[in-house]
Amino acid sequence: MAEESVKLLGYWGSPFALRVKWALKLKGIQYHYVEEDLPNKSPMLLQYNPVYKKIPVLVHDDKPLAESLVILEYIDEEWKQNPLLPIDPYERAKARFWAKFADDKCVPPVMAAFSKKGEEQERAAKEARENLKTLESGLEGKRFFGGETIGFVDIAAGWIGCWARMTGEIIGINLIDAETMPLLDAWFQDFLEVPFIKECMPPQDKLLEHNKEFHKILTAAST
Amino acid sequence: MAEEVLVFGAWGSPFSRRVEMALKLKGIEYKYIEEDLTNKSPSLLKYNPVHKKIPVLVHNGMPVAESLVILEYIDETWKDHPILPKDPYERANARFWAKFIDEKCLSAIFKACWGEEYEHEKAEIEHEKAVKEVSELLQLLENELKEKRYFGGETVGLLDIAANTIGYWLGVFEEASGVELLTREKFPKLCNWANEFVCVTAIKENLPPRDKLIAYLRNRFGAGNASK
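So the protein lines, in turn, are chains A and B.
In terms of my numbering, the first sequence opens at residue 8 and continues consecutively.
In terms of my numbering, the second sequence opens at residue 39 and continues consecutively.
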């Protein structure tokens with residue numbers, strides 16, 4: 008399969024682009040990667056994603072797709088090896104539910120804790136911790152959301168562990184509490200140890216520096 | 039095999055109506071439970087402990103929450119009258135636009151109709167901005183519809199059902215608030231689609247009464263942002 012037929016427009020520091028990289032890696036799909044300069048988006052990106060003008064965008068045989076969870080489902084349906092979603096409709100519904108929950112309820116308060124200050128930050132951190140605790144219940148005591156192996160929710164939400172920890176380090180507030188969320192904590196660690204997951208992660212020190220800079224900009228803006 | 043399908047919903051909610059529309063399209067029998075959202079039942083809280091919201095579909099005792107997740111579950115469980123196309127790219131496209139409608143359109147429409155309270159001079163400008171935003175969003179949907187009869191092609195599909203907020207509720211919001219958004223001159227295709235959509239039997243039978251909905255909206259949100 009020609010590498011040119013699959014293209015991914017992404018950003019090295021974006022967890023949403025990372026999700027797509029993980030899915031493509033899991034399925035052994037060759038692709039051409041295009042690094043976008045986000046303050047200076049390419050005409051190609053704007054043409055491929057006119058609605059949101061964001062990365063990631065997957066382009067397959069010149070047909071573009073945006074929104075990372077939509078892209079994950081497409082990848083799963085187009086290439087059937089190493090399935091992300093389970094076969095049973097009820098299990099699939101649960102997987103979609105938890106991936107959506109992670110995006111709608113976990114990511115925003117983690118981002119808010121990262122970018123706000125004072126009371127707003129404390130409230131966001133509290134909400135992040137509560138919702139992460141709820142996410143833990145979705146694991147149902149399993150090692151991964153996908154069971155013994157990585158699945159849809161793991162790829163959708165596994166990055167949050169790394170980013171939340173980094174955020175916690177930068178803002179000085181712990182978001183993932185190993186005592187109150189032992190299973191979630193273990194899951195995040197196990198996830199990051201899976202070889203193909205680890206291989207695709209951006210270099211941690213570079214990411215930390217980048218996020219520290221980003222944090223300075225955001226908190227200066229909110230004064 | 040005896041099958042039990044329950045739907046927990048609210049009469050005015052486009053989200054629970056979506057679930058009923060999909061079940062009706064596929065000819066699936068179900069029992070409907072009307073929830074008083076100011077006084078949620080123990081059953082609802084048991085079946086949707088995470089969000090405590092309607093709609094919830096309960097199939098043989100197993101609950102599914104979040105309307106778009108429920109629509110996909112319905113399509114995968116009952117294979118007659120599919121609401122998603124077979125082609126993965128077309129499926130992804132339908133999911134993309136359904137997400138777009140839920141994440142972008144409803145809140146923008148609401149803001150244009152009932153917005154926030156602003157001091158007089160600011161109100162006019164903010165209102166115009168809100169209306170312009172809705173216009174841009176509707177234009178994207180108008181472009182996506184192209185020459186198709188429905189978003190799903192020749193028959194109603196998942197995206198049409200997800201767009202029930204545009205196909206029916208938008209018109210009701212407009213009437214209740216006096217704000218004009220979906221005009222025929224700007225959005226002829228979308229208007230034609232809306233007319234076709236509400237005529238489909240499975241859809242028509244599942245629309246809340248217009249007057250009742252208008253009265254409820256005016257009561258809950260006030261008279262609306264129409265320019266005086």
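If you are wondering where the hints come from, they were derived from the structure by calculation, not from laboratory data.
Do not rely on the hints blindly, as some may be mistaken.
[Said to hold, decoys possible] 30 Å max Cα-Cα, derived DSSO-like pairs, lysine-lysine:
(1) A:K107 - A:K123
(2) B:K84 - A:K61
(3) B:K184 - A:K149
(4) A:K61 - B:K167
(5) A:K107 - B:K84
(6) B:K90 - A:K60
(7) A:K34 - B:K137
(8) A:K133 - A:K219
(9) B:K137 - A:K87
(10) B:K142 - A:K124
(11) B:K160 - B:K224
(12) A:K70 - B:K124
(13) A:K140 - A:K219
(14) A:K112 - B:K84
(15) A:K149 - B:K160
(16) B:K184 - A:K70
[Unchecked claim] Output of the computed footprint for chain B on chain A, the stretches with three or more beta carbons under 8 Å from beta carbons of chain B:
(17) 65-74
(18) 79-91
(19) 102-108
[Said to hold, decoys possible] Some residues of chain B that are not near chain A, with every Cβ distance over 12 Å (derived):
(20) D113
(21) E182
(22) T203
(23) T239
The model shown is predicted, which means the values in this text are computed figures rather than measured ones.
Note that CB positions come from ideal geometry on N, CA and C, so glycine has one too.
Results for each hint:
Taking the CA atoms of A:K107 and A:K123, the gap is about 24 Å. The hint holds against a cut of 30 Å. Between B:K84 and A:K61 the alpha-carbon distance is near 38 Å, which puts this suggested pair outside the 30 Å criterion. A C-alpha spacing of about 46 Å is found between B:K184 and A:K149, which places the hinted pair above 30 Å, so the restraint is violated. Between A:K61 and B:K167, the direct Cα distance comes to roughly 23 Å. Compliance with the 30 Å bound is thereby established for this hinted pair.
A threshold of 30 Å between alpha carbons decides the hint, and for A:K107 with B:K84 the separation of about 20 Å falls inside it, so the pair holds. Taking the CA atoms of B:K90 and A:K60, the gap is about 34 Å. The hint is violated against a cut of 30 Å. Of the pairs offered as hints, the one joining A:K34 and B:K137 holds, with about 25 Å between alpha carbons and a cut-off of 30 Å not exceeded. Proposed proximity of A:K133 and A:K219 is supported: the alpha carbons are some 21 Å apart, at most 30 Å.
Using a Cα cut-off of 30 Å, the hinted pair B:K137 and A:K87 holds, with the two alpha carbons roughly 24 Å apart. Under the criterion of a C-alpha separation no larger than 30 Å, the hint pairing B:K142 with A:K124 is consistent with the structure, at around 27 Å. In summary, the hint linking B:K160 to B:K224 is supported, as the alpha carbons are separated by about 26 Å, within the 30 Å threshold. Between A:K70 and B:K124, the direct Cα distance comes to roughly 16 Å. Compliance with the 30 Å bound is thereby established for this hinted pair.
Distance hint between A:K140 and A:K219 is fulfilled; the C-alpha atoms sit about 26 Å from each other, no more than 30 Å. For the hint pairing A:K112 with B:K84, the CA-to-CA distance comes to about 20 Å; that is within 30 Å, so the pair holds. The hinted pair formed by A:K149 and B:K160 fails the criterion: a straight-line CA distance of about 54 Å is larger than 30 Å. Between B:K184 and A:K70 the CA atoms are separated by roughly 17 Å; this keeps the pair inside 30 Å, and the hint holds.
For a cut-off of 8 Å, the count of residues in the region 65-74 of chain A with a CB near a CB of chain B stands at 5, and the three-residue condition holds. Against chain B, the region 79-91 of chain A contributes 4 residues with a C-beta closer than 8 Å to a partner C-beta. That satisfies the three-residue criterion, and the hint holds. Under a criterion of three residues with beta carbons nearer than 8 Å to beta carbons of chain B, the stated coverage of the region 102-108 of chain A is upheld, 4 such residues being counted. Non-interface status of B:D113 relative to chain A is broken: a Cβ of that chain comes within 12 Å, the nearest being about 9 Å off.
The claim that B:E182 is not at the interface with chain A is violated, since a C-beta of that chain comes within 12 Å of its own (minimum 9 Å). Consistency note on B:T203: stated as away from chain A, and its beta-carbon is indeed over 12 Å from all of that chain's, at 17 Å minimum. Against chain A, the non-interface label of B:T239 holds: every CB pair exceeds 12 Å, the least being about 26 Å.
The structure is inconsistent with the numbered hints 2, 3, 6, 15, 20, 21, although it conforms to all the rest.
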